[in-house]
Structure formats: structure tokens, C-alpha cells
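Line order of the protein sequences matches chains A and Y. Oh and the first sequence: position 173 is 173 in the numbering used here, straight run, nothing missing. Oh and the second sequence: position 105 is 105 in the numbering used here, straight run, nothing missing.
In short, the hints are calculated from the structure, not lab data. The structure presented is a predicted model; accordingly, all values stated were derived computationally and were not measured. Accuracy of the hints is not assured; some may be wrong.
[As the list claims (entries may be wrong)] Mimicking DSBU-like on lysine-lysine, the simulated pairs with C-alpha atoms at most 35 Å apart in a straight line are:
{"#": "1", "chain 1": "A", "residue 1": "K287", "chain 2": "Y", "residue 2": "K287"}
{"#": "2", "chain 1": "A", "residue 1": "K150", "chain 2": "Y", "residue 2": "K150"}
{"#": "3", "chain 1": "Y", "residue 1": "K137", "chain 2": "Y", "residue 2": "K150"}
{"#": "4", "chain 1": "A", "residue 1": "K150", "chain 2": "Y", "residue 2": "K137"}
There are 2 protein chains.
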Amino acid sequence: MSRPLAFAGSPIDRADHIRADPDRLAALMDWRARLLKLDGLDPVLSPEGTLEWGTLADAAPDSDLVFLGLAAGKACFAEVPARQGGSTGPANPRLWAAMAALDPGELATYGGARSLVDWHARHRFCAQCGSATRLAKGGWQRTCTNDDCKADHFPRVDPVTIMLVEHQGNLLLGRQPRFPPRRFSALAGFVEPGESIEDAVAREIMEEAGVVVRDVTYVASQPWPFPSSLMIGCHSHADRAELTIDTTELDEARWFTRAEVELAMTGSEDAAFIAPPPHAVAHHLLKWWLEQ
Amino acid sequence: MSRPLAFAGSPIDRADHIRADPDRLAALMDWRARLLKLDGLDPVLSPEGTLEWGTLADAAPDSDLVFLGLAAGKACFAEVPARQGGSTGPANPRLWAAMAALDPGELATYGGARSLVDWHARHRFCAQCGSATRLAKGGWQRTCTNDDCKADHFPRVDPVTIMLVEHQGNLLLGRQPRFPPRRFSALAGFVEPGESIEDAVAREIMEEAGVVVRDVTYVASQPWPFPSSLMIGCHSHADRAELTIDTTELDEARWFTRAEVELAMTGSEDAAFIAPPPHAVAHHLLKWWLEQ
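All chains should be modelled from the sequences, with the hints used to inform the complete structure.
Okay, structure coming up:
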């Protein structure tokens with residue numbers, strides 16, 4: 001799958017070498033620099049449905065600015081919101097409508113910026129000693145201000161496995177309680193300390209559906225900015241169809257035939273279920289599977 | 001690659017359903033429970049070279065205990081060290097010698113426990129408000145004790161891409177300044193917010209070696225407990241051989257022929273370089289590549 005999934009493939013050059021160079025970074029923070037306009041964590045769109053950019057003069061005087069990188073020779077920044085506003089979850093129809101209007105490159109730029117400023121807004125203190133932290137390296141680090149601690153903290157990326165399970169040509173899909181009616185999707189879960197991707201896939205499927213899987217293969221990955229996941233899409237095989245559903249995690253899980261998946265992916269009202277939306281890696285996993 | 005890499009494939013059942021059940025968890029914390037013996041973050045080995053286990057009576061009375069899971073029907077715990085001791089890096093010959101003595105399952109158990117207790121030791125405070133946090137869900141969460149905050153925090157896993165780059169049958173390998181003399185390995189770097197695995201591979205190779213890559217494929221993954229990485233091993237192709245080395249990251253990087261890689265992997269003193277050690281995912285990437 002060479003075509004990037006939603007939120008991947010940002011055209012901004014992260015210009016990593018500039019982050020650690022305070023003089024160069026300061027020189028870039030002039031009237032030519034661009035500031036991504038955000039409403040809290042949400043994007044601000046122009047009438048044409050593109051991201052709105054302002055100048056650094058639009059930022060609050062004492063706000064934290066993160067250096068997103070260079071685009072067309074211009075330094076791009078985003079402002080950390082002064083207060084962490086409410087939910088960081090994706091369940092916001094207005095946000096989804098705005099994101100649907102963006103072209104793939106802009107969606108990736110927005111998603112990466114959102115994850116980063118959200119992390120700063122929630123990490124103003126040192127987890128090691130409780131003192132205040134300050135932004136460092138253009139926003140790719142925070143450092144504890146307590147001279148006895150000085151711990152460095154880095155933006156978080158949480159790997160999540162999301163996986164198709166196949167048995168005799170059928171696919172296992174499940175319904176989380178928060179899903180809209182009739183939506184089924186691939187089972188998923190966070191990779192835990194001490195696990196490989198393959199370990200995490202096997203554990204999650206056993207926990208949620210009571211199924212032993214084998215032959216786990218990687219299919220595709222996607223950054224998911226709610227708040228900062230790395231979705232790792234996989235495929236696996238099961239030798240048995242019996243399910244033991246963990247009802248604290250899933251309302252339902254069942255096997256679907258190829259014909260059922262095919263019909264669901266057309267968006268037909270007659271389909272056995274509603275497929276995951278196109279921006280989700282699960283959608284691409286189902287499409288990939290149908291193309292096999 | 002179905003054989004698990006070092007630190008992967010722990011035989012302990014993580015028994016996720018018990019974590020969120022305080023009564024059941026409390027009932028498991030009796031004289032039958034096993035406590036993994038640790039010296040700070042390092043393993044304590046029996047004369048036979050196996051992990052030493054004690055009972056919960058061996059823990060300090062007020063220490064935090066994390067629930068590792070169930071092994072042979074017994075609940076397994078590890079104690080969070082009272083103080084965070086010095087470096088969390090792997091560069092400790094005594095530690096490597098101890099780990100080399102462990103069988104693969106025990107090494108995975110130790111690695112996962114180390115990452116988890118180390119995270120607790122460095123996260124006693126809330127990054128959102130600076131208040132104290134307390135251990136929750138058997139150690140798979142910490143919760144802020146400030147009633148106005150109550151933020152939940154989860155153990156961290158940092159995805160890292162590590163990648164072979166191939167050009168006309170040769171492989172690009174590099175030397176980090178901290179490597180032992182003559183050691184070369186695959187280039188690597190953390191996945192950042194807003195990146196897919198494929199994005200991160202392409203960016204790292206461009207940053208460190210100035211090379212454009214295409215056709216990134218996943219090969220294998222491995223948890224790496226220094227302190228808590230998920231190593232994601234990949235392969236990619238380059239169309240051009242010209243290198244522009246980032247000398248702040250690498251002392252050197254160059255192309256090696258298949259014959260040079262083959263000889264290095266035998267451990268020969270005549271080899272052009274010293275290959276990465278067997279417990280590293282880079283070793284397995286080279287082995288996988290030679291088998292292609």
C-alpha cells in the first residue's frame with residue numbers, strides 16, 4: 001500500500017537539525033514565519049476548505065510555540081493552547097466535517113500539529129519530580145526546570161495494533177460500545193511494554209474474542225491524532241471459529257463472509273454491517289483484504 | 001520470522017481482566033504470589049542462571065507493586081524501585097552478561113517488568129498538574145491524586161524504526177558515536193507524532209544519510225526495555241548511492257557488499273565491520289536479508 005493513509009505523508013520538512021540550534025530557530029521566528037490557526041485543538045479553515053495560517057503576531061505573547069518544520073522555505077509553527085480544553089477524543093461531527101474538507105497533505109499537517117500541541121498542553125509538569133517543565137528544541141522536548149532533576153520529556157506516540165483475523169475465508173470484526181449503530185470494525189488494542197507487534201496482536205485477539213491466531217503479518221500503518229496513536233494494521237489467521245467475547249470491551253464480535261464485507265464496503269443499506277470510514281486504517285485493511 | 005526476537009514472547013499471561021478488578025487483584029496478593037527479584041532495575045539470577053522469585057513479604061512495606069500476570073496459576077508481581085537509580089541505558093556489561101544467561105521466555109518476562117517498574121519510578125507525579133499520582137489497575141495505570149485533575153496516565157511504549165537500505169545489492173549501515181569500535185548497524189530513529197512507520201523510515205534515512213528511499217516494507221519487531229521502545233525493523237530501497245552524513249548523529253555511514261555483511265555475521269576478525277549482537281533486531285534484519 002504505497003498510497004498514504006489519512007494523516008500520513010505530511011509535505012512539511014520537519015528540519016530536525018534546526019530544532020537543536022537555538023540561534024537558527026530564533027532567526028526563523030520573524031514576521032515571515034507562519035502560524036497554524038487552531039481553535040483549541042480544532043483546525044480553522046478558509047472558505048476554500050484549506051488550513052488557515054497567520055503570523056506569529058497572532059499568538060498570545062507568553063504562549064508556547066512548536067516548530068512544525070519548513071514548507072516552501074517558510075518556517076511553520078503552532079501555538080500550544082493555554083488551557084487543555086475538554087475531550088481529546090475524535091467524536092465530534094464538526095471536527096470530522098472540517099477534516100473531510102482538507103486535502104491529504106493538509107490533513108497530515110493538521111494531525112501532526114494537533115498531537116504535538118495537545119501533548120504540550122498536557123505535559124506542563126515533570127512526571128519525575130512534579131516541577132514545572134519548559135518547552136525545548138522547538139517543541140520536540142520539554143525539560144524540567146528543577147535543577148536537581150532536569151529530566152527531559154519527549155512527545156508521546158502510542159503504538160496500537162489493529163488486526164484482521166481470517167478463518168476459512170471469513171473475517172472477524174467487532175463492535176465497540178462507542179460505535180454508531182451497525183458499525184463493525186477490526187479489533188484493536190495498545191501495544192504494552194514487553195510486547196512485539198505480533199505479541200500484542202495475539203494477546204488482544206485472545207483477550208477480546210478468545211481466539212488463538214497465527215501467521216501475523218503487517219499491512220499498513222497510520223498516525224492517528226486522538227491524541228497520538230500509531231495505528232499498526234495487521235492480518236492474522238485463526239484455526240478455530242469459536243468465539244469467547246469480552247463483553248467489557250465489545251458489544252459483539254462475529255465472522256463475516258467475503259460477500260458481506262464486499263457489500264458493506266460499497267456502503268449499501270442492505271449490507272450486514274456498516275464498514276469503518278475511509279480515513280480509518282481499518283477501512284484500508286478491509287479494502288486490502290478484498291483485493292487479495 | 002515466526003521465531004520471537006529477544007525480549008519478545010513472554011510466557012506470562014497478562015490476565016488483563018484482573019487488572020481492573022480490585023477485589024480479585026487483592027485476593028491474588030497473598031502468600032502464594034511471586035515477586036520478581038530485582039536489584040534496582042537489574043535482574044537477580046539464581047546460580048542456575050534463572051530469574052529469582054520471592055514472595056510479596058520481600059517487598060518494602062510501602063512500595064508500589066505491579067501485577068505482571070499469571071504464570072502456572074501463580075500471580076506474578078514486581079516492585080517499583082524506591083529511587084530512580086542513574087542511567088536507564090543498556091550500556092552495562094554486567095547487565096548484558098546476566099541477560100545472556102536467561103532463556104528467551106525469562107528474558108521477555110524480565111524486559112517487560114523492567115520497562116514497567118522503570119516507568120512507575122519516573123512517573124510519580126502528574127504531567128498535567130504536578131500533583132502526586134498513585135498506582136492503579138495493578139500497575140497498568142497511574143491516576144492523579146488531585147481531585148480537580150484526576151488525569152490517568154499509562155505506561156509508555158516508544159515506537160522506533162530501524163531499517164536496512166539497499167542499493168544495487170549493497171546495504172547502508174552506520175556507526176553511532178556510542179558504538180564500540182568497528183561496530184556498524186542499521187540506522188534507526190523514533191517515530192514522531194504525525195508519522196506512519198513508512199514516513200518515519202523515509203525521514204530518518206534522509207536526515208541521517210541524505211538518501212531518498214522507496215518501497216519500505218516491514219520485517220520484524222521487538223520490545224526493547226531501555227527504557228521502553230518498540231523496535232520496528234524495516235527494509236527499503238534507494239535509487240542513488242550518494243550519501244550526506246549527519247555527523248551529529250553518526251560518526252560514519254557507508255555501503256557494504258553482501259560478502260562483507262556475510263563475513264561480519266560470522267563474527268570473523270577479518271570482517272569489514274563488527275555486526276550488531278544477536279539480541280538486537282538489527283542482527284535479525286541482517287540475517288533475514290542474507291536469507292533473501
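Checklist entry - So which hints don't hold here, by number, going up? => result Those not satisfied: there are none.
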